[in-house]
Every structure is written in structure tokens, then in C-alpha cells.
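Protein chains in written order, with our numbering: chain A, -4 to 389; chain B, 10 to 147.
Because the hints were derived from the structure by calculation, they are not lab data. Keep in mind that a hint or two might mislead.
[Stated by the list, open to error] So, partial list: chain A residues that the calculated Cβ filter (under 7 Å) puts toward chain B:
hint, residue
1, E301
2, A321
3, C322
4, H344
5, M377
A virtual CB, placed ideally from N, CA and C, is assigned to each residue, including glycine.
Spelled out, the chains give:
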Amino acid sequence: MNRSVYLDHSATTPVDCRVLEAMIPYFSQDFGNPNSLHAWGRKARQAVDEARDKVAGLINADPAEIIFTGGGSEADNLAIKGAAFALKGKGRHVITSATEHHAVLHTCEWLGKEGFEATVLPVDGEGFVKIDELERAIRPDTVLVTIHFANNEIGTVQPIDEIGALCRARGVLFHTDAVQAAGHIPIDTKTLPIDLMTMAAHKMYGPKGVGALYVRKGVKIEPLIHGGGQERGLRSGTENTAGMVGFGEAAALAMERLQKGEVDNERRLRDRLIDGVLERIDDVLLTGHRTKRLPFHASFCFRYIEGESLLLRLDALGIGASSGSACTSGSLEPSHVLLAIGLPHEVAHGSLRLSLGKDTSDEDIDYVLENLPKVVESLRAMSPYGKKEVARHV
Amino acid sequence: MYSEKVVELFMNPKNVGRIEDADGVGTVGNPVCGDVMKIYLKVENGRIVDVKFETFGCAAAIATSSMVTEMVKGKTLEEALKVSNKDVAQALGGLPPHKLHCSLLAEEGIKAAIEDYLSKSKADRAGVDNKKESEVTV
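If we strip away everything but chain A, and leave its shape as in the complex, we get:
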């Protein structure tokens, strides 16, 4: 009988039942507007404040440094546009990297139309930004560097401390998109030189549509959404109380998992998966760094086959995964991340991302290791490529 093995946690995670339980009262029981002065409003305000405390606690920030947003993309936009416009009198140059999420890359591109200039740094074969290249790219008119904490497709975790230290030494603001990393890797804003940081609730077992931007005290940014002045004037709009409560609960649970070392189990399972795939399947490439990667993340490129086919065959077996293949995006170009790390198109087409979760078990990994080689083999058997390397079993 087929199992159901969800290995697409980088895309989104299920809402933890404890998170859902915490949210439910704020839909129809404690439904007040946090901006109202009456008892209903005060109860909602208290819930939002507590949620802010918990999100701040996850990254050792002060609650006043947390701005709730409508998700990770909005937080990225607020950080990048907000900082650029606040500092446009000082300079109009921003720096990013080629493997960023589109929420960052497209925002930097958009700034280009608004009189700014964006430098997009290349990365090495494992997806790392080269510190010396960043150093050379920083100019007197550079106002912001935005480099993600960890990549969503290949899992590589950047040397954030070095990047942040360089930015600080050069007097440039540093934003990091930590959507994939927050809640999974310990992040301490009191020790890491980060000025702005993006997080999203749904990547850590919270609800979709809620994000947060950490804004270090003293950093000035311009708001994108004007209105009632909520979120210290940086994100107007009636607060999504239930969503924020859910984010707060998810952050508290993530903190607990980090403290208990539960992430170590995910890392162990990730390594079992990576080793198993590399041992059992020929002509496969691990993308990203072997160890300096997200603890729950494994990504590969399988030669001679195409990612969407792989994905759908796995789906038929109850395994949920994702791919940076062109065919999954509706574009003719494979993922910009895979191309940026130097993979040829035909190899990048065969990508597969398997991202584990807190409930992933050894049995789940066994099931994938038992079935993935068969799926790869059957697709290769109908491919006109790689005949010498692969057996034919259709």
C-alpha cells in the first residue's frame, strides 16, 4: 500500500494543531479590532502583543523590532523598497545575489526603474556569495545589501555573520530573507549583524498570509502601505489578529524545537536521504553544499530525465516533492538558481527538491529510498540519453 510522504516543506508546512487551536478564538469569539478601545479590542490587542513577543523571542529581538506583514514577499518588499527610499538621499545603489527569491530579485529590478541601480552578485557552484566580490561591489552610494539566509531551492546557508560584518564595517544596511531559515536554524539578532530580516509563518507550521520583518532599532525605512498607521506606521491595515496569533504560537513552538534539539533528527534524516540517493542512483548530483545547508533540505539533479516527470511519478506513489524544472514553471528556462550555480540547462531540467518536516520519519525516508531509484530508472529507460549509464527496464 502506498504511503503518503510529504517532502515539500520548503514550499509550505502544515499548520500545527496547537497553532490552529490558538488561532480559532480570534475568528468569531475574540474577534475585536485591536485598534478599538473597548474590551473586545483590548483582548485582540493583547493577543497581537503576545504574538509579537513570541516572534521576537524566536530571534532574540525586542518586540518593537517586529513588524507584522501579509507574508514573506511583502516583508521583502518592505525591507528593500523601504530602505532604498529612506536612504535615497545618501545613495541609490543596492546589492543582491543571483540566487535570491523572486520577491527580492524582482523588487531590486523594479527599483532599477525608479532611478536605483542594482548589482546582482554571482554565486559559486554551491550557491555561496563570495565575500571578496561583495566587498568589491560595495560603492560609496550603496545603501543596502540583501542576501538571503538560506536558499529555498538548493538549501545552501550563507555566511551571514561575515556578510553582515562586512556591511556594518562599510556602513551599509544589511537585509536578509530568512524565510527558509527562521524557525529551523538558531538566529540571534543580538549577535548577528543583521539590520532587516524577513520571516514567514507558513514555513514554520504557522498559517499562510502572515509574515514579519525584523527592523533593528534605529533603522529607518519608508512604509509601502499607508493608512491607519498600524505596525508603527510601517504597515497600515487592520491587524490579521488570528494570523498573528498563529505566527506567535508557531514561533514559540519552533523555539521549543530548537532548544530541545529536535532539528538534529531532521538533519539525521536529511543525511540518510542524501547518502541513500547518492549511493543508490547513478548520474545524480547533490545541489547546494553537503553540510552547510538547511537541516531539512535535500536537492538533486538527475541526469537524462526531466523534473516534472519525476515529480508526477513520485506523486502517484504518494510522495510530494518539487522541482526547479522549466516544465513546472510554465517557462522554458529552468530555475534561475540552478543556472546561477553553473548547471547546464539539460542537467537543471532534472532537478528534484525533497524538504523534510518535523513529522518525517525513518519509514518515510525508507519509502522514498525504495521508490525513487525505480522511478528514476523507469524514466531513464524511456529517455534517448544516457543509455550506457543506465539499465533499461520498461
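Place chain B on chain A using the hints.
What follows is chain B alone, placed relative to chain A:
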């Protein structure tokens, strides 16, 4: 996203493989673009008696390969040349707009294999004619 027919043929494609002594072979597409189809034909008396395919590509590419091979099997070369990408897409219950190029590859793959067959048989005929002519002159 995909019709039931596409999914069915993707999961259980027909005519997969190669014909070692094929009379015509056509390869279309480019691995850089992510879709390559290789079609093998066996032809007897101007009729396609066997056809197989090998495809590097997505579910739509595999399903269209399977469908077009089924559609041309048993047909005369003239009839097979009339099978269009629209016929293939229609037989599959439609394709998403960005996957229509797969049906075009299927049409082009059959055409390329037939052209290969025709060029080979033309060369063979020319060889036979030359031989006959040389026999006469000697």
C-alpha cells in the same frame, strides 16, 4: 492541469523503446529546452507497421509521444504525414497552453522519421539503379 488522458498515457505510455533495425528514425527537440523525442519507424509497403519512441521531457512530452505513435501505427506514410499537432492535442483531451509545443514536437518527430525513411529508401533505390546501370555497361 493535465487531462485524464495525458496522465493515463504519462503513467502508462505505449510504444516506449527503440527499434534496432528501424527503417526511419527522427529526432526532434533540444535537451537544453528540456524536450527531445526520438521516433523509430518500421515501414512495409508504404505503411507504418511498427513505431516506438524515446523521450526526454515532461509528462506532456511523454503523453504526446505515446499518443502520436498510436495514431500513426498502421497508417500509410501519406496518412501519417497528415496527423497534425492539433489532432494529437485533441486526442489527449487538450493540453495546457504552455505545453502545446509538446504536441508540435510529436508531429515533427513523426515527420522527421518519415523523411529519414524516404531519404534512405531514395538512396537505396539510387544504389540499385546505379548497380543495374553498371551491370549493363559492363
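Checklist entry - Going back to the hint list, which numbers does this structure go against? => result The structure conflicts with no hint, since it agrees with every one listed earlier.
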